[in-house]
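Participant: What follows is each chain in one-letter form.
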Amino acid sequence: MHNVDYEKQPGMENFHPSLVKGPVGINMNYMGEADVFGPEAKISARKVNFYYGAKRALNNINISFSPRRVTAIIGPSGCGKSTFIRLINRMHELVPGTRFEGEILIDGLDILSPACDAAELRKRVGMVFQKPNPFPKTVFENVAYGLEVNGVTDKHLIEEKVVDSLKKAALWGEIKDRLKDSALGLSGGQQQRLCIARCLAVSPEVILFDEPCASLDPISTAKIEELILTLKKEYTIVIVTHNMQQAARVSDNTAFFLMGDLIETGRTDRIFKAPRDKRTEDYITGRFG
Amino acid sequence: MNKRKERLIKYLFTALAFSSLVFLIGIVLVLFKEALPIFGKVSLKAFLLGESWYPTSEPPEFGILPLILASLWVTLGALVICVPIGVGSALYLHELAGPRQRAILKPVIEILASVPSIVYGFFGMVILSPFLQDTFELPIGLCALTTSIILGVMATPTVASIAEDALSYVPRSFREASFAVGADRWQTLTKVIIPAAGSGISTAIILGMSRAIGETMTVLMVAGGAAVIPHSVFDPVRPMTAAIAAEMGEAPVGSDHYNALFAIALILFLITFVFNIAAEFISRRFRLKLGLSR
Chain A
1 MHNVDYEKQP GMENFHPSLV KGPVGINMNY MGEADVFGPE AKISARKVNF
51 YYGAKRALNN INISFSPRRV TAIIGPSGCG KSTFIRLINR MHELVPGTRF
101 EGEILIDGLD ILSPACDAAE LRKRVGMVFQ KPNPFPKTVF ENVAYGLEVN
151 GVTDKHLIEE KVVDSLKKAA LWGEIKDRLK DSALGLSGGQ QQRLCIARCL
201 AVSPEVILFD EPCASLDPIS TAKIEELILT LKKEYTIVIV THNMQQAARV
251 SDNTAFFLMG DLIETGRTDR IFKAPRDKRT EDYITGRFG
Chain B
1 MNKRKERLIK YLFTALAFSS LVFLIGIVLV LFKEALPIFG KVSLKAFLLG
51 ESWYPTSEPP EFGILPLILA SLWVTLGALV ICVPIGVGSA LYLHELAGPR
101 QRAILKPVIE ILASVPSIVY GFFGMVILSP FLQDTFELPI GLCALTTSII
151 LGVMATPTVA SIAEDALSYV PRSFREASFA VGADRWQTLT KVIIPAAGSG
201 ISTAIILGMS RAIGETMTVL MVAGGAAVIP HSVFDPVRPM TAAIAAEMGE
251 APVGSDHYNA LFAIALILFL ITFVFNIAAE FISRRFRLKL GLSR
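Those sequence lines, one after another, are chains A and B. If you count the first sequence from 1, position 35 lands on 35 in the numbering used here, and the numbers rise without skipping. If you count the second sequence from 1, position 60 lands on 60 in the numbering used here, and the numbers rise without skipping.
Honestly, the hints are just simulated from the structure, not real lab data. Each hint should be verified, as a subset may be incorrect.
Examples of chain B residues lying across from chain A (beta carbon under 8 Å, computed) [as the list claims (entries may be wrong)]:
(1) Gly50
(2) Tyr169
(3) Ser173
(4) Glu176
(5) Phe179
(6) Val181
(7) Asp184
(8) Lys191
(9) Val192
(10) Ala196
In this text, a Cβ means the ideal position worked out from N, Cα and C, and glycines have one as well.
For reference, chain B alone in the conformation it holds in the complex (with noise of 0.2 Å):
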């Protein structure tokens, strides 16, 4: 009776573990089942290098490269932002605050990461937009720089908190080792405990971009929504997050425009698994590098 109980026990757990897992193939095959359609049509070649995005004109055009284009102009904007602010906090935080900056800073970066996207999309729309639009007399303030902005803002949070666990994972020994043999505080810092941490510092970097890169409330409400090769950081964009949120609810199930909105989510599915794979890739070096195995 009780073997059996224990066996059941462990069946259920098992079962509740694994279900993560079917979750992830359920999505990817929902994903792979209704974006290989479009293939049928458009090339793949055609889909991802194609400059018009017109799914509604007649014939339709499906080139998303000004939807990837955008994705890449935000998060790489983004980062401009959010590596030096949350690298910087994190040295700040490690290295010169106090124990009463830290109570108050850390609590501060976590309730960033804490605001849900649309209070920042809102503020983007209602504060920054106008801001930017008089300041630099745009068209209209809704463009790249804007989202980039935002997005910076949001992934800061993510990028400070790992990136201060890094450094605190450099064992206090190598902080001592070099002091004793006569460096400075900046020395210590520059030579020892930033190398140390770098690849640590890399993965909040990347979890950094992988936020930004998939933020999509935001990006519909700031970036402006033209699905245009953009020119410069003024041009409102249309990232692939946007186009998707935007057009699932008035492209008919199972038209191509519908499955060329999957394959969409397909491609951004497959970058942010690369960024994935890569940070957690490199954090284990990190790990090994430092002796702390596994």
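Chain A extracted, bound-state conformation (with noise of 0.2 Å):
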């Protein structure tokens, strides 16, 4: 997998290893091996720590994310990935008695820093959480509270975006009908696809996928997989996964966590086949975790 004819890869036919640009020397995994699939970096981490009280659950996590592809984050639990991807929103910041160091950049601006506002954050890096939590409103305001509290009050505008956004969700079909009733009186796949279509319509650039999939059955979850690989066209997306046989259907890239560590990061083909860290291995063929 060293040489991988880039030209070759779908949407990748002006793209070279040369062409990679990025915090030079800070990601050495994503610079030197030239070994993640996608264009330069949207989101960059580096050298991030992250603390609960005084227990440390990331060390020195420096990683980045193509724009438009999809990063799976795996490791078992307790390994911090979803401190990580919690980091990126600033939800962390709803935890009392953490504190952090380091940087995440997005297209360039450190999101971690004071300056930043939150509030404008989360609207450009939307999340998907574990298990499917629409509000107890009907399907129509849980998909329109994120317009609204964002002030936007033009009826048309807000009806157009929520129907636009449950399209892209795939759940325009089942729920056309349905848009009065209460979103708690949908199915849980069909719960999580509007929790998806609700974070959609604040219009994102960056969708976190903290174990979407975790409550839900196999056919929901081979339609969260499929909408994700949709969504990839227009957004960047990471995505945290439990299951390896998920990360290795929906990603692009794959970082390997373990125990607060980031161990490797590389295209999700070649971290499968031929995983570099001793430890990677012994993740991904069930020796542990």
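Using the hints, put the two chains back together into the complex; each one sits in its own frame.
Facilitator: Shown next, in the form of structure tokens:
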């Protein structure tokens, strides 16, 4: 996998490893190996440490995420993968007693700096959670919520956005007659797609999925995965998953976390076929985790 | 042998559990039995809407409208006090208080609930009523306003603790979902958390009302006791509970007056019964709405 013919990768016609730009010397893996699939980084984390009280949860994480690609973060429970993606939209701020060091750049701007407004950031970086968490409101109100809190008052615009988001989330066909019904009456899989629609409605650039299929049945899971593959045409996607088959199915790049360390990143096919680190190999072959 | 023992235990606990039902039925039966004779003398309408309560005059008059209105006035007045303070405390505890403030405030609110009502009554008589009398230059400090304030303070812990429970039942994931689309704390509170907890908060308010309308000792001490239709909050009043407590000792058993007092108790029971059913109904809907089921 070392001499990848980039010209033959879909969407990569104009891409050459030498074009990879990024924080020079920061992410050796990304830079040094030209191993990550995609153009220059949308998101780059540099020297990120994270603490819950005195307990260190992330150690010196350096990683980049390519735009309009899916990056899977895998690793055993408690390895820091959820902790890490929650930094990207600053959800960690909802937990008291946490502390971080380092920076995370999105389009070159440090989103962890106090100068960056968390609410503004979260509009750009949406999140879908482990358990579907629609509000106890109607389907329509759920999707419109993000627009409403961001000061959109134009009814037509809201309606247009809601319909558009539901279509993008592959939910419109099933649900177009139930817009005024409670969202809690939907099945788990529909609820999760509704949450995706709610996130799409505010037009994010990045979508973080935190084990989005953990509570879903295989059919609903397949629908979500299919949806993720469609969404990556427009959005930069980071997905945390416990499920290695899922990582293999949906992602272009994979990052393996273990006990707060980033062990290895690379193209998903390469990671699964030829892991370079013994620990990655042990994990993906099921020797632990 | 063992089987018999098991059966015995089963019967014993069944009996204990159903004893509450027996008590309830007993109370209701006695209320009806003792109350009904009065309606042979006075029509239900005249009883409920009659404007004069002179049970010991000759001829006696049994109109309890002044008593009902007194109860409603002081209860509504109490709500004006206990809803903002109770719901506000709940929101503060749930949303703003750090661990230290919670550690102080929660026990304080619970202790407020455990103060005996006679102490509240005493406080109302000795401190609040003279204060109000001086401030508003009233002829008498024992009035509807005094009662409302004291009842409001008494009902506050009920409202605060049940409303806080309701808020804490709102799943944390709602808050996360709201923040994740760019809402701020205030928007999350007003657009997601309070609506989600809304019926739970209504339950808290209704139970606070039940607490206020059923309170007797305090009301007896501070309401002033005049069985006259109130025209201002500064008028002394005689709520239903106070009338029963004050007059039961003087009413000869089996007399019309005696039966009329039971009839007041029956009406009071029906009012609190409706409140409680409403609270139960709303809280059930609340749990369903949050997907907590049952």
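Participant: Taking the closest Cβ pair, is lysine 191/B under 8 Å from chain A?
Facilitator: holds, 7 Å
Participant: Is the hint on valine 192/B kept, meaning its closest Cβ partner in chain A is under 8 Å away?
Facilitator: holds, 6 Å
Participant: Given phenylalanine 179/B was flagged as interface, is its beta-carbon under 8 Å from a beta-carbon of chain A?
Facilitator: Since the shortest Cβ distance to chain A is 6 Å, the answer is holds.
Participant: Taking the least C-beta to C-beta distance, is aspartate 184/B closer than 8 Å to chain A?
Facilitator: holds, 5 Å
Participant: Tell me if alanine 196/B is really an interface residue toward chain A, meaning its C-beta lies closer than 8 Å to one of theirs.
Facilitator: Holds, about 5 Å.
Participant: Just to be careful: measuring from the Cβ of serine 173/B to every Cβ in chain A, is the smallest value less than 8 Å?
Facilitator: Hint on serine 173/B: holds, closest Cβ of chain A at ~4 Å, below 8 Å.
Participant: Per the CB criterion, is glutamate 176/B less than 8 Å away from chain A?
Facilitator: With a closest approach of 6 Å, the glutamate 176/B hint holds.
Participant: At a threshold of 8 Å, is the proposed contact between valine 181/B and chain A supported by beta-carbon distances?
Facilitator: holds, 3 Å
Participant: Next item in the hint list is tyrosine 169/B. Is there a CB on chain A closer than 8 Å to its CB?
Facilitator: violated, 11 Å
Participant: Should the hint that glycine 50/B touches chain A count as held when the rule is a Cβ pair under 8 Å?
Facilitator: violated, 47 Å
Violation of the numbered hints given earlier is confined to hints 1 and 2; the remaining hints are satisfied by the structure.
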